[in-house]
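Protein chains in written order, with the numbering used here: chain A, 1 to 548; chain B, 1 to 481; chain C, 1 to 518.
The set of hints was computed from the structure by calculation and includes no laboratory data.
Being a predicted model, the structure only gives us computed values, none of them experimental.
Nothing false has been slipped in among the hints.
Partner residues are not named here, just some residues of chain C that face chain B (Cβ under 7 Å, in silico): (1) 405; (2) 407; (3) 412; (4) 433; (5) 435; (6) 438; (7) 452; (8) 463; (9) 464; (10) 468; (11) 480.
A short list of chain B residues far from chain A (calculated; beta carbon distances all over 10 Å): (12) 74; (13) 90; (14) 120; (15) 134; (16) 198; (17) 330.
Where is the CB? At the ideal position from N, CA and C, for every residue including glycine.
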Amino acid sequence: MNSSRNPDMNNEGAAMKSNNTFRRRTGFWLGAAGVCISIGAVLPTSGVSHAASVTATNEEGMLCTTDGTVDPDTNLPTPTFELTATDGYTSEPDGNAIYDWGYSATGAFQLPGPILCVNEGDVVTVKLTNNLPVATSIQFPGQDNVTADGAPVGPVSASQADPSKGIKVGDLASLVPEVAGHTIPADPLSAITYKFTASQAGTYLYESGSDPQLQVQMGLFGAIVVRPNVTITADDILKIPADGGAAGVSTNGTFKRLGRDGTTIDDHMTVDEANSFKGEAACAYAIKPGSATCDPLAIYDGSRENILMLSEVDPGLHTYMEQNKSTPDNLTWNKYPGAYEAHYFMINGRSMPDTLAPNKAAWMPGQPYGAMAHVQPWDVHANPLDVLLRYVGVGVTGYDFHPHSNHEHVIAEDGALMKGAATGNDNTEEKFNIMVAPGSTVDATFRWTNEEGYSSTDDNRLPVAWPQGLNMTEGDFWSGSPYLGESGQLNAGILGKTQCGEYYHVAHSHDLTQATNYGITFGGMLTLIKVEPSDQAQKDLKLDCGTD
Amino acid sequence: MTNTRNHKRVVAASVMIAALAGGVVSADAATFSDRTATTATVDPPMTWPAITPTMCTPTDNGDCGITLFAGPGNVIVGDTTATAGKATVPFLGFGINITDPAQVSLAGGPTSTIKVTEGTTLKISVSGATGVDVSDISFPSLPAGSVYHDVADPDGVLTVVASKVGTSVFQPGSNPTAPREVAMGLVGVLVVTPAACATPNATCAFDGATSYADEAIVATTDLDYDFATSADQAHFDMSYFGQVRDANDLPRHVYHVINGQSFPATDLIDVRAGDNVLLRYVNAGVSDKAMGMLGLRQSLLGRNAAPYTDPQTLIAPLIGPGETADIAVTIPADATPGPRYSIVDQSRQMNHGNAFGFGGALTFIDVWPATPVTPDAPLAPPPAPVVLASPTVDTLAYDSTTSPGTFTATAHVDSSVTVAGYETTITETATPPDATAIWTAGTFDPTGAISEPLVATAGQTIWIHVKDSSGAQSADVSLAI
Amino acid sequence: MSRPKNPDGTKGSADVNNETDKKAGTVSGLIGRRKFLIIGGAGAAVLASSAGVAAAVITAGGDTPSPRSENPVGLDPANGRNANAVPPKAKVRHFALAGTDGWVSMPSSRDLGVERGARAIDPYFPDPLADDFKTTYAFCFRNVTGLDQAQVAAQKGQTQICAPLFFSTVGEEIWVTLTNLGLALRPDLVDSHTLHWHGFRNAIPFYDGVPESSISVPIGRDFTYVYRPEDAGTYMYHCHFEDVEHVTMGMHGIVFVKPDPNGVGYSDGLGAGQQKAYGHSDGDTNNVTVYDREYAMMLSEIDTRAHFNDAHIQATDWTDFHPDFWTINGRAYPDTLEPNGYRAGTGEQIAQTWDKTIVGGVPNLTDASNDDVSGRLSSNPLSSVVWAKPNERILMRFANLGFLDHTIVFPGLEVDVLGRDARFVPDWAARKATDSIQIGPGESRDVFFTAPAVEATYAFYDRGLSHYTGSEGTVDGNDAWVGGQRSEIRVVAGLADQKKPNGWPGEIIHPGEQPELA
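Make the full structure from the sequences, and use the hints.
Dropping the structure here:
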C-alpha cells in the first residue's frame, strides 16, 4: 500500500514476512525450555467479556489494536475501544509469578494494555469498565480535548469520588474522573467513557490517573500510536537520509555521502527502486502535524515496526496487593508497609528471555507482546527502509536503553518530530543510548549495515583467525561462524539457537542492574535484534531463516 | 470559596513581597471542592508580571544593592488536614532583602528568587545564620567574570552581573559543607529577563520580542526527614539521602515539594484562558525530575539560562539536579475554568514521605475566565509620588575634608509617605545640565527628610527632585551652592 | 545447518596442508591448520591448556605466537594477518589488554586522615583482605601492550580501576588482544572476559563482545578483536560477560576515535598544536571542535558491599545496588585531584605524587613508593584534573558506565556540548554556553569550553549532591565532598603542552600507552 492510513498496515506487512516465524521461534523456544516456563497460564484470571477489536495475530513487531467505527453522520472515523481494568498474573523467566492489574480489550487480563492504533485527527472513544476492587481511571498525556462522560477532564475531589476508595488526601481523589471499583460481586461493573482527539501523530502513553504511584506500577498502562494521514511518494523515499545520517551529509534525492577521504560516494537509489518500495514503506510523522506529506526522516519498513514499553516491578508490593485483594481500602500506595524496590524490569511486560518470544506466545497469556526487532542488512538498492522503534517510558526512573551494533536515529520525542517548527532545522540525532524519561516516549529508526562485508570468501575473511574449541567460550545465540549466513561447529553443551547463521545483537538498559532478573544477568530489560541474511543471500546460500 | 490564602497573597503582593524580593505567581491552596466552572466568576488574584522584580537599593554608583541571608526554616509537609504523613521538616533557605530571618524560603518560595533585567549589576551583601557557610555562593550559569568579590569591598559584598538571560540557580559552591547545605534546600533562583520586553505588564523568556501574559517558577526540592533532623549531619550517610528505603529496606521519609510546599499545600498557578504562559522549572533537589503536564504540550525554550535554537515540544521534560528549563504553554481560549492541568514529576512520587497518597511535587494550572471582571493591576503598585511640599533648604554644611567640597542638602517632604523600601533618588534635573555635578542615589528617611551628600562646585545652582521606583517624580527644588 | 569448514572458520580446502594435518593430530580439532603452520610444534601445549590450568600457562606476550592465539600480545600484525583476509584500510595499531583482579584504593580516613578520608563502613570498607594501602576488590582490564609473556603473566592480581584509556584514528585498523589472566583471589570463579566497544557502528557480533551472541575469552586464553573505526567520537568499552558484575567491578573504560588527520578540511581552522574532535565527514564543516587539550572522564559508582561480596565469596543482589562511592576515572574525591599513575615498561604500576611546584610549565611529578601510603593510588592510575592555559580551548570527553544518571555542573564556565554519543551535534542542535550536562548510563558527551583569561581553579562536580560520603572528621574538619564525583580545572599561564590525553602538562608518554602503527 502507499499509505499508512490503513490501520492494519503493520499487521499485513508483518504477516507477509513472518508466516513461519512462529513455528521456528517456538522451535528454538523449546530449546530454551525451563527458563521460560510460565505458570501464569494456570493461575486464575478474572474478567468479563467484551467485544474485542484485536487484529489478527502476527508473531513479531508491534501488534496493533484497531477499530474501524465510522460516525454515520459525519462519516469520519471514530475508533471506539472497550477496555476493562482487571487483575491477573504475569510470569517471570525465573519462574516467579506476579499479581498485576491491567487494561484489557477482551476482558481477559493482559499487561501492558492494548496498543491502540488510530489516525491523526480521529476522535477516539475509550470506554473503561472496572473489574478491579478499587476505583480507577485513564489519563491520556499528549491527547487533546479529553472528556470523561462528556465533561472536560480535570482533577476529582474526594467528595465527588467513590467513597469506597481508599485515598483521602486533601481534596484530591484522582487526576482525572474515575470509575468506581467492583467490590460487591453481585453488582454490575461500573464504566466511564473517555473521548479525545488524537490531534498529532506520534507515540503516546496512557495510564491510570488514580493513585498512579500504585496503579501504574501494578500494570495499568498502555500505548497509543497515532498515525499521520499521509501518502508516501517515491520522492519521499528518495529523501531518506543517507547511511550514517551525519548532519550535512545527506543530500536530498540521493544517497550521496562523504567518504573518509572526502570524496563523494554517489550510491543512490533509482526512482524505479523508490517506487518499488512504496508498498512496504510506512510513515511515523508528516512534515508537520496535519500535513499529508510524510517527512522522509520518519519513513520506515511497515513490517518492521516495534514498540518497547519499559517498566519495572517491585514483587513485594504486588504480593501485598494480591494478599489484600478483598480489602479495597488496603489497595493504595500508602497502605503498603514495605519500601519500594524494583527487582524485575520489563519490555512490554516481559523480561528477557521472554522478550524474544513471539507475540501472543501460548505460554504467556497475560503478556501478549514480544519485543525482538528483526532486520536485514541495509542496502540502498535492496533494503533501504529502516526499522522503527517506539519507546514508552512507564518507569519511575529514566531508562537508558542501549542498542548494540549501530546507533539509532532518534526522530521524535513525546510525539513531536524533532524539527524546528519555525526554522525547519533537523534536530534529530543518532544515539547509541536512548534515554526514555518517565512519562516520555521516543521514536527512533534503526538500520544495520554489513559495513565490512566479512565472509568466508577469499579476501573477505576476518583480518585475524580465531581460537577454536575450548579456547573460546561460545554463546547460545552464536552460530559457530563469525560470517553472516554461515554456521559452524559448536562446543558441546552450546544450545545453538540460530537458524540460518543469523546474527543476534542485544539491546538493553545500560543501568545493568535492570538487565537482570532479580539480579541474574542476561535478563530483565533486555532483548535481541535479529540480523538475518538478506533475502538474496538466503536464496543464494539456500538458507531458511523462517521469515521469507 | 474561602480565599484567605489569596487575600494574604494580595496584601503581601502589594506591600511585603514588593518590598522584599522574588515571590511566585500569586496562587491559592490546591483544593478542589472550592471552585468549579460555574463559580469561576471571581477574579483570580492575578498580578503581572507574576514574579516580582527584586527591589534594589541603589548603591553609590547606581548598582542594584540587595541583601542575601541564608538561614534555617521549617516547612510542614504532607497532608495538613491529616496527621499521618504530616511532618515538620527543617530546611535551609535563602532570604532576599528580608528583615526577619524567619522569612527564608526554599527555592521558588517567596523570598529566594532574584529577578532582574539583563545587564543589572547586583551588589549582594551576603550573610548567614550561625553555622551556615555562605563563603562561596555559586551562580553556575554565569561566567566567571560575572561573579566576584570586589577587592574594593573588604566587607565581602558579592558582585553579580546578570549577564545571561534566563532562569538558573544559585547555591553554596565549593565550601566544604556545600553538599549538605544544598541537600538541606539552600538553593535560590536567579531570573534574568531581557533588557526590553515587548509588552508592558508582561514578561519575556529569552527573546524580548515574545512576551507572556503570565509566568511562574515551579521549583522542586527533595527533603529528607532523617537527614534534616539528624543531630550529626556531618556523619549522616548521604548515600541514603532521598532514597525511599533504608539499609533494612524499610521506608524512609522523603518529601518532594514545589516552591517549598508539598501537595495539597502547593500553590496553584493562576492563568486565564487563552494566556500564553511561561513556566520556569527549577530542579533545586538532588534527583532527576520529569515535569509532566497533563492536558497541554510544553514548549521547551531553553535550559540553564541557555536558549535553544528551536523550541522542543515535550510532554514531560527531564530536568537534572540543579538544572532549569524554561517552557511555554498556551492555555486554550475555550479552556474550562478550574484547576485543569496537573503538573507532576512523572517519577510518580506523589506521596508524603511514603506515608500518604497524592502529595509531593504536584500542582495544577488553575484556569480563570478569559475576560477579567476588573482589570489587572501591576503587582507592585507605586505609591503616590513623593512630593516635596514647599521644600525649604535647612542646612548647607561644608565638609572641608573633601575637595572640591561636599555639601549636605536637606529638604522636607511629605512625611505621610512612609512606605518602607521605596527608593528615593535625588537626581539632577535636565535643565540646566550641569556637566560637572555628580549626584548620588540615596534612601528614603521615614522621618520625612532627605539627607544626601552632594558633590558639587561652589557657585553652582542645582535642582532636586524625588523619584520613587515607579518613576513618579516630585517637582524640582532649586538649591544654590 | 553447519557445513564442513576449516577450523579457523574458512570454507573450502585449498588452504589446508595435509602435511600439517598429520602433524597436528588431534590438535587440529582445536586449532586451525594454518594456525598450526604458524605456531609449529607449540601445539602440544594446547591440550594441556584446554584442560583449564590457567595460571600455569599464561602464554600471551612475546614474539613467539601463543599456542592459543595466532595473534598474541606483541605479534607483528603483518605476520599475523589471516590469509585471504580483508586488506587493512591502513596500518594496524595493536593494543594488548589483560583481564584480572586485585585491589584498588578509595579515599579512606585510615590512609588520608579524618579530614580528607571517608570513614570506615564495617565490614565492607576498607576490605580487611585488601593489600596494604588498598581498600577495595576489583576486576579490571590492564594495558599489557608491549610486555612479554612472563610480564603479562605477572599482572595476574594486579588490577586497576577504571580501565586503561585507549584511542584510535579514523582510517586505522585497531587490534586489541585480550588475555584472560583469571582471578587471583577467586580461583573458584571461571569467568571468561570479553571486550565490548560500546557504540561501535555496524559491528559484527564476533567483535561485539557479547558472550551470549558471540564468543568470549576463557581463562588462560587470548583473543584478538579487530576494529576499523570510521566515525570519530567518544565511546567506551567494557566486559560484557556477566556484565552487571564485571562492569561495576571495574572492567570499564573510555575509548575514543579521532578524525582522520588526512581527511578533507582537517587542517582548516587548526592552530599550532591543536587537534579536532570531529572532521568534516562527521559533520563539523565549520571546524568548531578544535581543541588544545583533551581529557577523558569516565563516571561510575562503587557499591562497597558488592565489591566486598565478590572478595569474600558472597552473592550480591544487583537489583539492590546501593553505591557509596561515586567515581571519575576510577577515583573518588579527593583522589581525583592526584596526578596520573603509569605502567612501567616491566608492567609494574607506579603512582605519582606532585609537590605542588610547576617547573618550566611542568608540574613536578615524582614516582611514589608502592611500599608506603604514597603509592596507594597505583591501581587507580587515571587523574581527572584538567589543566589549561588561559584562553585555551579544552575538550572533556565524558562517558558514564555507572548505573546512575549524573548531572555534572561547571560553575563559572560556559560549556558547549558539541558531541553526543560519538556524533557531532550540528550548530542549531548543540547545547551551547550552558553550565551543566546530564549523562545517563551508557551515554557519552563531548564538552568544550574556553579557559577563562584569568588564572584560577574551577570545580566541576556531580550536582546530585547525595553522591558524597563526606569525610570522617567532625563538622569543623569535615569535607562533605569526600567520596564523590568532584574534580578541578586549573587555569595556569605558561603551562607546557599536553603530550597525551589526560596527560598533565609535559607529562611523558609511558611505554605501551600508544603503540606504534605496524
